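Mind docking chain B on chain A? Use the hints.
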Amino acid sequence: MSTIRRFHAMDLFKFNNLNLDRYTETYDLSFYLNYLSSWPDLFTMAVSPDGTPMGYLMGKVEGKDTEWHGHVTALTVGPECRRLGLARGLMRALEDASEKIHDCYFVDLFVRPSNTVAVLMYERLGYILYRQVIDYYLGDGVMPTEYAYDMRKALPRDKDKKSVIPLKHPVTADQTIF
Amino acid sequence: MEARKLRPVYDALERSDSAQALRECERLLHKQPNLYGARALKTFILARTGRIVEALGLGQSLLDTPKALESQHVQQGLSLAYRVLNRPEEEIAVYNTALTFAPESEALYCKVFMAAARSRLFKEQHMAAVNLNKLFKDKKYVWWLVISLMLHGKHSGVDSTSSQVQLKLAERMCEKALAEGQLTTSEELRVYLEVLETLGKHEQMIDVLAANDSLAAMVVNDPDLVTQNITLLVKTGSLDKAVDAAVQTLESLDNWADYKLYMDATVLSLERANGDEEAKKAAVSAICANLRRWASVRDRARGAKLALVSLSLRLHGAGYGELANAVVGSPGELIWAYVDEFQQKAICYSDIVQFINAHVRSTSESDLDTAALEFHAESLNARLRDARDASGQGENATQAWVNLEKIRYLLQALRGETDPKAWVADIEQLLEFALTSNAARKKRPSCSDMAVIASQRIIQSAMLAYGDPSKRDELASALFKAACVLEAAIQHNGESFLLRLYSIRVYIYLSCYERAKSNYEVLNIKNIQHDTLGHLLFGQGMALGCFVSDLELCYDGVAFYDQSRSKIPREIEKVYYEGTYSNVKDFLEFQDNLSRSVQHECTHRHALRGEAFEHGSDKGILAKWREADVTSIKHTEKTLNALHDNRDVSVMGLLTPADLTQWNLELLTRATPMPGTGWIQAFSLIPQLMNYMVCADLDAIETALGELATIGSSSKSTLSTQDCVLVRGIIDIMRVYIQASNEKESVDEKLGNLVDSIHALLPSDQFDTEPDTLGMLSSLTIRNASVATELFTYALSLKHALSAQRLAAANTVGSALSQLRKSALKSINLLRGWIDKCVRSQIDEQWLRSDDELYSGITQFMLSRQKQSVDIASKACMMSWLRSVKNLLAQWEQCSL
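As they're listed, the protein sequences go chains A and B. Going by the UniProt record's numbering, 76 is the number at position 76 of the first sequence; the sequence numbering is gapless. Going by the UniProt record's numbering, 783 is the number at position 783 of the second sequence; the sequence numbering is gapless.
This is chain A alone, in the form it adopts within the complex:
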């Protein structure tokens, strides 16, 4: 049982149980506060009844014209809270906001191909592999340099589903900037 609500700056004081994880980066303060001040409705957190953080999703909207879309910047769920459908709930909140508030064409995300559990989950949520991004993840002493999967899901505004026609060739990271 959890409540999915907006993330608040004060949550930064108590999200350690989620961030002490090798796949979850703890960013500079400005990074979080910038997301909150720019896209408050796309930064959500799942909390237990006593307020313990269970997972969070940071998102944003970007792009122009038919490339206008919601983007998942970070999604993490605490070790104890996995296999509960929380990630699905957080993704649904982002998709709802991208569709109903920001009127986007699609939602996209980047994921490590080696994170097979996450890739499978996104596929189950309706995301397809749109393209591969070369050397997206830089070597940081924890993981070697790695491709990224750019996965997408079309929203109702993209009636012809043009945004999710997979590209045949990989792209470089700079080609993914909107």
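These aren't lab readings, by the way, just hints derived from the structure by calculation. Check each hint, because a few of them may be wrong.
Straight-line Cα separation of at most 27 Å, DSSO-like style, residue types lysine-lysine; simulated pairs [unchecked claim]: (1) Lys-241/B with Lys-139/B; (2) Lys-585/B with Lys-638/B; (3) Lys-567/B with Lys-14/A; (4) Lys-60/A with Lys-585/B; (5) Lys-64/A with Lys-139/B; (6) Lys-60/A with Lys-526/B; (7) Lys-134/B with Lys-168/B; (8) Lys-201/B with Lys-744/B; (9) Lys-471/B with Lys-837/B; (10) Lys-100/A with Lys-837/B; (11) Lys-14/A with Lys-638/B; (12) Lys-875/B with Lys-826/B; (13) Lys-139/B with Lys-60/A; (14) Lys-176/B with Lys-134/B; (15) Lys-60/A with Lys-140/B; (16) Lys-100/A with Lys-139/B; (17) Lys-822/B with Lys-875/B; (18) Lys-574/B with Lys-60/A; (19) Lys-168/B with Lys-64/A; (20) Lys-574/B with Lys-14/A; (21) Lys-281/B with Lys-241/B; (22) Lys-867/B with Lys-750/B; (23) Lys-123/B with Lys-201/B; (24) Lys-60/A with Lys-822/B; (25) Lys-123/B with Lys-134/B; (26) Lys-750/B with Lys-14/A; (27) Lys-64/A with Lys-140/B; (28) Lys-837/B with Lys-826/B; (29) Lys-585/B with Lys-14/A; (30) Lys-442/B with Lys-471/B; (31) Lys-64/A with Lys-162/A; (32) Lys-100/A with Lys-826/B; (33) Lys-100/A with Lys-140/B.
Since we're looking at a predicted model, the values are computed, not measured.
Using the frame of chain A, we list chain B on its own:
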């Protein structure tokens, strides 16, 4: 012209070459003393390089010359200077003066607003917003004014009548904005709601949420606003509507907050039904039916099922126990039905712990319901046996066992189990599963959890059995076994942060700083975590002889706080420009919590403390203390009470509720600073005293000394033993100084006391013949030697201070310290040799082969099945102690007299 002249200064600033920029300013001012732009930039450079007094003086001279503010270079340079100096009032004065030359400048009015908004100057912010709203037609200024009115009304400390006036004005502006179609975003709607909430106008809030189709659509698409709407319906007593709204929401969402409101509305409706038993039964039956329906159709969603548990408990709590039992079910049975269904999920224990806790306290907060406890114990036992038997059948079965073991731990804590044996009974089974089973080899997360439970049981039992200071060796021996278990578990799953956190705590307890630090580094703690998790390690090195590496860590923390001080205000500014107004209150609270953080204060004090070990010349030491900023570290009762403790202790993953303090291992194993402000006060006074000493300010010394003595005697529960010794030593040093200040007085007696007390802290010559050498080493020896070293460095400053004031006394002090240094080097060298030669065998002899019945099973298990991990833990202890002792030696060696 001015820009061209100032170009070299700007160029140097762009290169971050402050020295060159300053030279350029001085060159320009030498030629043209009234080049105001150069004076403003010089003010900025002085501020940035810490020459605060000069910067303030030069800045004021410009403020006193209004015509200077006509120049944009002066406006920019001076405002930046005041921002660096954290003087928002002066920054605003710069803009206000500039406005007299450009009264229609929207940019300048915005700057006034932002300078005030960044610094919580709500009155000034309000005035600036009034001006902006009056002079410039922009919708955003309406909302800036509304927010300013609200902040001013709520936080400025104005009387309640004025506050109400401000808030009502804000309300009227919101009403007008809504009527004129200027309320178009959910952020603006949130501001309006907050104004009404502050005024307690809940009915109006409901009306606003449905004021027009556009707003209603906003609410539907925003789960937070949906929940707020139901909350308001409950608050205003529209219970039927609240129930309908909650049901409608819960049909599609599974948010606990909405379940809770549904239950609130139902329980309140029962009270309203008075004697109408049928109506009560109907209401409970309706919610129960809905919850069961949702529970049956939602596979993994636990909300509805747990809501049934919660509903039954709430009905019991409200005096409808019979109705609850008849319609919903009894709390105990529902709790175990939930456990049976979800025990294979890791979250199960976290879900249910609060309800078991509430159930056993349902009759009274202070007295436990023994019948309920008994019921849970019986319910657990049979399940626990089955779960252990089934633990080889896959991850689900093992996870079930882990959850039941957690409940077993909880019930023991709730019962107040004081028998150490009961805490480690059957622990070999836990170890077997956690460390040697197939599941462990497959690195299953449940095994890491089980290792944490086993470690927690060992620590709990050790604290109960050997908490008395006279039993330090037995305690250390038990904690060493916990360290071995944790090392073994980390070998299987190095990614478990809980194993690392527990390991850090245990090693710090055993005086093994280096090993604790290596675990800390693996966790990659950074940025905001310096504030929330820094307490795990910051300052521990100062207590364990590792001064330099600890100081480096503290500098990382200080840098984080310094950067945050400039970054958060920029983000507050951005919130206004982006129109995401719902963040204003939250960002301000965040800024306040961080700037008044307990950990911020501690990190700063640790850094000041660590710098005392950086030795240079006599002049260097004296200059350090003379220039130390002792004004900003002075505390009053008001500033102490305003501190926020952001340290995250919940991350330790305790198995007991937070309010069971006697069983709270986080607290039992936490090194100082403990909760409370004694440590901060003491370590604020020490640098102040050193400053007063080198500045020969006897009056200030007397006052501060009195305060330190009071804290030393009144804060024994929040200061460690060694901290108390350090405080006494500092008092002794100051007494020697006071005595030496009077030429007629001899310092011999007080100096003798000081030297004797430091000497007593050094390792004994007979160290290796003590019966509990390891117990001594891991609890007292290194810590005491560190205090001795620290006191010696302060005593050196005493000697240097006296050299400039009373040479004869300085010579006497110098001579005594010289003798002390020789003695210290000899005894610490002996200790080093002993650790090098004997520690490994002592660990085997004293900590592993001892006939401690309590842990014999654990010892045998670890020695026979996990010898490698025992070796790793032994080596970690030995290497850490050796590192501390080598550091201590280096410190004494470099102390020149």
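Going down the list of hints, with the structure as the test:
no., hint, result
1, Lys-241/B with Lys-139/B, "violated (35 Å)"
2, Lys-585/B with Lys-638/B, "holds (23 Å)"
3, Lys-567/B with Lys-14/A, "holds (20 Å)"
4, Lys-60/A with Lys-585/B, "holds (22 Å)"
5, Lys-64/A with Lys-139/B, "holds (25 Å)"
6, Lys-60/A with Lys-526/B, "holds (24 Å)"
7, Lys-134/B with Lys-168/B, "holds (19 Å)"
8, Lys-201/B with Lys-744/B, "violated (75 Å)"
9, Lys-471/B with Lys-837/B, "holds (25 Å)"
10, Lys-100/A with Lys-837/B, "violated (72 Å)"
11, Lys-14/A with Lys-638/B, "holds (26 Å)"
12, Lys-875/B with Lys-826/B, "holds (25 Å)"
13, Lys-139/B with Lys-60/A, "holds (25 Å)"
14, Lys-176/B with Lys-134/B, "holds (15 Å)"
15, Lys-60/A with Lys-140/B, "holds (22 Å)"
16, Lys-100/A with Lys-139/B, "holds (24 Å)"
17, Lys-822/B with Lys-875/B, "violated (30 Å)"
18, Lys-574/B with Lys-60/A, "holds (16 Å)"
19, Lys-168/B with Lys-64/A, "violated (42 Å)"
20, Lys-574/B with Lys-14/A, "holds (24 Å)"
21, Lys-281/B with Lys-241/B, "holds (19 Å)"
22, Lys-867/B with Lys-750/B, "violated (52 Å)"
23, Lys-123/B with Lys-201/B, "holds (24 Å)"
24, Lys-60/A with Lys-822/B, "violated (65 Å)"
25, Lys-123/B with Lys-134/B, "holds (17 Å)"
26, Lys-750/B with Lys-14/A, "violated (49 Å)"
27, Lys-64/A with Lys-140/B, "holds (25 Å)"
28, Lys-837/B with Lys-826/B, "holds (17 Å)"
29, Lys-585/B with Lys-14/A, "holds (18 Å)"
30, Lys-442/B with Lys-471/B, "violated (39 Å)"
31, Lys-64/A with Lys-162/A, "holds (15 Å)"
32, Lys-100/A with Lys-826/B, "violated (76 Å)"
33, Lys-100/A with Lys-140/B, "holds (24 Å)"
Hint compliance for this structure: hints 1, 8, 10, 17, 19, 22, 24, 26, 30 and 32 are broken, all remaining hints hold.
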